[in-house]
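Go by the hints and put chain Z onto chain S.
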Amino acid sequence: MIRAENIKKSFGDQEVLKGVDFTFEAGKTNLIIGRSGAGKTVLLKILVGLFAPSGGRVWYNDRDLSSLSKQQVRELRMEVGMLFQGNALFDSMTIEENIRFPMDMFTKMSYKDKQSRVDEVLERVSMEGINKKFSSEISGGMQKRVGIARSIVLNPKYLFCDEPNSGLDPKTSITIDELISNITDDNNITTIINTHDMNSVMEIGENICLLHQGKLAWQGNKDQVLQSDSEELHNFIFASPFLQKLVDRVGAKNI
Amino acid sequence: MNPLSLLFHFGKFVDWQRQIYRRPENFRMYYKELVRQMFDIGLGSLPIIFLISIFLGAVTVTQFYYQMDGQFIPNSFIGYIVRDMMIIELSPTFSCIILAGKVGSNMAAEIGGMRQKEHIDAMDIMGVNTSAYLVMPKVLAALMMIPLLVTVSAFVGIAGGYLASVPVGLFTHNDYVTGLRLFFEPHNIFIMFVKAATFAIILTSVSCYQGYFVKGGSIELGEASTRAVVYSIILILVADYIIALILT
Numbered sequence: 001m002i003r004a005e006n007i008k009k010s011f012g013d014q015e016v017l018k019g020v021d022f023t024f025e026a027g028k029t030n031l032i033i034g035r036s037g038a039g040k041t042v043l044l045k046i047l048v049g050l051f052a053p054s055g056g057r058v059w060y061n062d063r064d065l066s067s068l069s070k071q072q073v074r075e076l077r078m079e080v081g082m083l084f085q086g087n088a089l090f091d092s093m094t095i096e097e098n099i100r101f102p103m104d105m106f107t108k109m110s111y112k113d114k115q116s117r118v119d120e121v122l123e124r125v126s127m128e129g130i131n132k133k134f135s136s137e138i139s140g141g142m143q144k145r146v147g148i149a150r151s152i153v154l155n156p157k158y159l160f161c162d163e164p165n166s167g168l169d170p171k172t173s174i175t176i177d178e179l180i181s182n183i184t185d186d187n188n189i190t191t192i193i194n195t196h197d198m199n200s201v202m203e204i205g206e207n208i209c210l211l212h213q214g215k216l217a218w219q220g221n222k223d224q225v226l227q228s229d230s231e232e233l234h235n236f237i238f239a240s241p242f243l244q245k246l247v248d249r250v251g252a253k254n255i
Numbered sequence: 001m002n003p004l005s006l007l008f009h010f011g012k013f014v015d016w017q018r019q020i021y022r023r024p025e026n027f028r029m030y031y032k033e034l035v036r037q038m039f040d041i042g043l044g045s046l047p048i049i050f051l052i053s054i055f056l057g058a059v060t061v062t063q064f065y066y067q068m069d070g071q072f073i074p075n076s077f078i079g080y081i082v083r084d085m086m087i088i089e090l091s092p093t094f095s096c097i098i099l100a101g102k103v104g105s106n107m108a109a110e111i112g113g114m115r116q117k118e119h120i121d122a123m124d125i126m127g128v129n130t131s132a133y134l135v136m137p138k139v140l141a142a143l144m145m146i147p148l149l150v151t152v153s154a155f156v157g158i159a160g161g162y163l164a165s166v167p168v169g170l171f172t173h174n175d176y177v178t179g180l181r182l183f184f185e186p187h188n189i190f191i192m193f194v195k196a197a198t199f200a201i202i203l204t205s206v207s208c209y210q211g212y213f214v215k216g217g218s219i220e221l222g223e224a225s226t227r228a229v230v231y232s233i234i235l236i237l238v239a240d241y242i243i244a245l246i247l248t
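These protein sequences, in sequence, are chains S and Z.
All residue numbers for the first sequence refer to the numbering used here, where the first residue is 1 and numbers rise by one.
All residue numbers for the second sequence refer to the numbering used here, where the first residue is 1 and numbers rise by one.
These are computed hints drawn from the structure, not numbers from a lab.
Treat each hint with caution, since some may be false.
Chain Z is faced by these chain S residues, among others (derived, beta-carbon under 7 Å) [what the hints assert, rightly or not]:
(1) Arg74
(2) Met82
(3) Asp104
In silico BS3-like cross-links for lysine-lysine, where the CA-CA straight-line distance does not exceed 25 Å [as the list claims (entries may be wrong)]:
(4) S/Lys108 - S/Lys70
(5) Z/Lys12 - S/Lys70
(6) S/Lys133 - Z/Lys32
(7) S/Lys8 - S/Lys70
(8) Z/Lys215 - S/Lys70
(9) S/Lys45 - S/Lys222
(10) Z/Lys117 - Z/Lys32
(11) S/Lys45 - Z/Lys32
(12) Z/Lys117 - Z/Lys215
(13) Z/Lys117 - S/Lys45
(14) Z/Lys102 - Z/Lys215
(15) Z/Lys32 - S/Lys114
(16) S/Lys108 - Z/Lys32
(17) S/Lys45 - S/Lys8
(18) Z/Lys102 - Z/Lys32
(19) S/Lys8 - Z/Lys215
(20) Z/Lys32 - S/Lys112
(21) Z/Lys117 - S/Lys70
(22) S/Lys114 - S/Lys133
(23) S/Lys114 - S/Lys132
(24) S/Lys133 - Z/Lys215
(25) S/Lys171 - S/Lys245
(26) S/Lys45 - Z/Lys215
(27) Z/Lys117 - Z/Lys12
(28) Z/Lys32 - S/Lys132
(29) Z/Lys117 - S/Lys132
Some chain S residues flagged as far from chain Z (calculated, every beta-carbon gap over 10 Å) [stated by the list, open to error]:
(30) Phe22
(31) Gln85
(32) Glu96
(33) Lys112
(34) Ile138
(35) Gln143
(36) Thr172
(37) Leu179
(38) Ser181
(39) Asp186
(40) His196
Even for Gly, the Cβ is constructed at its ideal location relative to N, Cα and C.
With the rest of the complex left out, here is chain S (with noise of 0.2 Å):
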């Protein structure tokens, strides 16, 4: 579990965060949703010891993040994995290279413990046979698929994904989304995606964040989400302009 307790986050003189509190449940598929400049990717970066907060306490359980020295936040970090929005793939090294990174910087596995581990991971994300690509050889929905590889090659206990469906096509951003939901549950990690992505928040919101101008708006999950009356939620909801058309044609509740 990650609680996160009054978050406020300051750059200058404009305030992203105003005292968010929130708890990111574990072992579940958690969203931070919003619209762009919400505060989501500042709130996930935040979380995951990336910015410092103005004000504010991040927990892992019962470790508070502001109190661990250097040396502590890098032993945590081993057991965070994250998938960033432009994936992060070094661009100077193959594939199998991005995976490896992590198991040759950590660990002292053979080097053919490592290979199997490289195939297993990119079996699981449905990429077997890149191996030795570069990651500018390959599509953008495949190199989230590689990010999200390398980031759960250490089995970590908590998977952080920043807007893993930015720049997809809707048919691979579901993809993209089951893949996340299925890793979630099938290694029991506390997952916590930052999206705007309605299909996302549908399909797979077990725990849902929304955040409006830098406040906790509404939280609930995907069950909830057409039950609440929730104006700021609303808004969200039916912002594309063929939704509020939709909704002006027969009206919110008939949706």
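Relative to chain S, chain Z alone:
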């Protein structure tokens, strides 16, 4: 840059050094990176060092010959002047200024690019000490390769002086070689290596600092790369003066 900002960056730079010189998480990975950097810095810079050194030697001979022409100074002194000029000053300082432009800007752009593409964040999340992994091998590689490059530069510069004078008939082979053997001070070689090692640390540390803490987009990356070169050159010249004061 105002004095307060200068002080802030100096403090940040010194504090950052404590993160760099830590025990590596995995010696083999650091060694692999060290070898890659040695190859890039050493072999990658050899052609440009060769080229500038040959001309430095040639220009020094030509200009000194012009200045000493008609005076009661033996021609052999030109060989002596070229040798010491190359060893004490031109090879270490000029080579490192050129390397600040070539290697320093490359390091700032490489690390800055990694920062912008979230590669550094990705390594941080994995638990890698990115300051150490990305910077330490570069500094060590520069410490090993730049003194070698400077030594090559000194030899090539002296050879360049020879080529610009003897074959064109300014003076004889014997004059030049006699000059090279005059008043040789091994201490000058020591000065050359001290300078080379100091400048190597300056140009890699300053350039990596500029890249590591870059913020913004491609314009800021370009600015960081330029700052890396400019600050490295200024600090190299200041250090050059201090070493000259202390060691001569």
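Hint check:
| no. | hint | verdict |
| --- | --- | --- |
| 1 | Arg74 | 4 Å, holds |
| 2 | Met82 | 5 Å, holds |
| 3 | Asp104 | 6 Å, holds |
| 4 | S/Lys108 - S/Lys70 | 23 Å, holds |
| 5 | Z/Lys12 - S/Lys70 | 17 Å, holds |
| 6 | S/Lys133 - Z/Lys32 | 21 Å, holds |
| 7 | S/Lys8 - S/Lys70 | 22 Å, holds |
| 8 | Z/Lys215 - S/Lys70 | 22 Å, holds |
| 9 | S/Lys45 - S/Lys222 | 24 Å, holds |
| 10 | Z/Lys117 - Z/Lys32 | 23 Å, holds |
| 11 | S/Lys45 - Z/Lys32 | 30 Å, violated |
| 12 | Z/Lys117 - Z/Lys215 | 11 Å, holds |
| 13 | Z/Lys117 - S/Lys45 | 15 Å, holds |
| 14 | Z/Lys102 - Z/Lys215 | 22 Å, holds |
| 15 | Z/Lys32 - S/Lys114 | 17 Å, holds |
| 16 | S/Lys108 - Z/Lys32 | 16 Å, holds |
| 17 | S/Lys45 - S/Lys8 | 12 Å, holds |
| 18 | Z/Lys102 - Z/Lys32 | 22 Å, holds |
| 19 | S/Lys8 - Z/Lys215 | 22 Å, holds |
| 20 | Z/Lys32 - S/Lys112 | 19 Å, holds |
| 21 | Z/Lys117 - S/Lys70 | 23 Å, holds |
| 22 | S/Lys114 - S/Lys133 | 17 Å, holds |
| 23 | S/Lys114 - S/Lys132 | 15 Å, holds |
| 24 | S/Lys133 - Z/Lys215 | 30 Å, violated |
| 25 | S/Lys171 - S/Lys245 | 23 Å, holds |
| 26 | S/Lys45 - Z/Lys215 | 16 Å, holds |
| 27 | Z/Lys117 - Z/Lys12 | 23 Å, holds |
| 28 | Z/Lys32 - S/Lys132 | 19 Å, holds |
| 29 | Z/Lys117 - S/Lys132 | 22 Å, holds |
| 30 | Phe22 | 21 Å, holds |
| 31 | Gln85 | 8 Å, violated |
| 32 | Glu96 | 15 Å, holds |
| 33 | Lys112 | 16 Å, holds |
| 34 | Ile138 | 16 Å, holds |
| 35 | Gln143 | 12 Å, holds |
| 36 | Thr172 | 21 Å, holds |
| 37 | Leu179 | 19 Å, holds |
| 38 | Ser181 | 21 Å, holds |
| 39 | Asp186 | 22 Å, holds |
| 40 | His196 | 19 Å, holds |
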